[in-house]
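S.K.: According to the working numbering, the sequence shown is numbered sequentially starting from 1.
Treat the hints as calculated values from the structure; they're not laboratory data.
Wrong hints could be hidden among the right ones.
Pairs of lysine to aspartate or glutamate residues, derived as EDC-like cross-links and limited to a Cα-Cα distance of at most 20 Å, are as follows [as the list claims (entries may be wrong)]:
(1) 58 / 96
(2) 58 / 119
(3) 58 / 103
(4) 14 / 52
(5) 58 / 93
Computed beta-carbon distance windows for the label pairs [stated by the list, open to error]:
(6) 18 / 88: 31 to 41 Å
(7) 143 / 109: 23 to 33 Å
(8) 109 / 20: 35 to 45 Å
(9) 136 / 91: 18 to 28 Å
(10) 55 / 141: 30 to 40 Å
(11) 28 / 99: 13 to 23 Å
(12) 109 / 9: 40 to 50 Å
(13) 160 / 12: 44 to 54 Å
(14) 81 / 13: 47 to 57 Å
(15) 149 / 125: 21 to 31 Å
(16) 108 / 51: 39 to 49 Å
(17) 20 / 59: 24 to 34 Å
Remember, predicted model here, so these are calculated numbers, not experimental data.
Here a beta-carbon is modelled for each residue, glycine too, at the ideal position from N, C-alpha and C.
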Amino acid sequence: MVRRVVTGVDPSGKPVIVSDGEPPVTRQYTHTPGFARSLVWNTTAPATPSADPTESLKSYVPAPGETIALTVTFPPASVYADPSWDPAAAGAEQLEATPGLAELFEIDNPGMHTTPTVDYGVVLSGEVVLDLDGGETTVLRPGDLVVQNGTRHAWRNNGTEPATLFFVLIGAGGAA
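When you get a sec, could you build the whole thing from the sequences and use the hints?
M.R.: So this is what it looks like as structure tokens:
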């Protein structure tokens, strides 16, 4: 479980904790065991403090100047190699759960996608491979940071344990 603590201001102007617990838009995927995503927060442009906007998010691709913060847990590659894994059902689940983003994934090259965003990523646990267009790869481990500048890429978990990353996507208006 991902814990999210949100602060705010009470009617008297005093800073308070507004919520503390699992983000309300959290999904454990049915058709890809071990795959999970939690929408932590999002902002519109210009960003302003607001009530929890996560349940009304329409697209997981932020418009220019907007942001999305989320965690993603990638299961080991063995999940995708299991004969019981159904890519069509998993794809439909992704389309329903992550509108805007899921449509950017390439059918002919699983996992590969390009978003019109600058993404800051932090590996929280596990190990993941950043696979770039053209075959360049790098292994990222807990504490590693990545700035993804709108390039075509995929995340691959070649290990035996799940890998969880935290991302902030910033709408950039076009791929780099």
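S.K.: Take the hints in turn and mark each one as holding or not.
M.R.: So, going through the hints one by one against the coordinates:
1. 58 / 96: holds, 11 Å
2. 58 / 119: OK: residue 58 and residue 119 at ~19 Å, within 20 Å.
3. 58 / 103: Answer holds: residue 58 to residue 103 is near 13 Å, not above 20 Å.
4. 14 / 52: holds, 18 Å
5. 58 / 93: Satisfied, since the Cα-Cα distance of roughly 16 Å is no more than 20 Å.
6. 18 / 88: 31 to 41 Å: Given about 40 Å between the Cβ atoms, the range holds.
7. 143 / 109: 23 to 33 Å: holds, 29 Å
8. 109 / 20: 35 to 45 Å: Holds - the Cβ-Cβ distance for residue 109 and residue 20, about 40 Å, lies within 35 to 45 Å.
9. 136 / 91: 18 to 28 Å: With a Cβ separation near 26 Å, residue 136 and residue 91 satisfy 18 to 28 Å, so the hint holds.
10. 55 / 141: 30 to 40 Å: At roughly 33 Å between Cβ atoms, residue 141 and residue 55 fall inside 30 to 40 Å, so the hint holds.
11. 28 / 99: 13 to 23 Å: holds, 18 Å
12. 109 / 9: 40 to 50 Å: Once the Cβ atoms are compared, 47 Å apart, the range 40 to 50 Å for residue 9 and residue 109 holds.
13. 160 / 12: 44 to 54 Å: At roughly 52 Å between Cβ atoms, residue 12 and residue 160 fall inside 44 to 54 Å, so the hint holds.
14. 81 / 13: 47 to 57 Å: holds, 56 Å
15. 149 / 125: 21 to 31 Å: Holds - the Cβ-Cβ distance for residue 149 and residue 125, about 24 Å, lies within 21 to 31 Å.
16. 108 / 51: 39 to 49 Å: holds, 41 Å
17. 20 / 59: 24 to 34 Å: Since the Cβ atoms of residue 20 and residue 59 sit about 27 Å apart, the hinted range of 24 to 34 Å holds.
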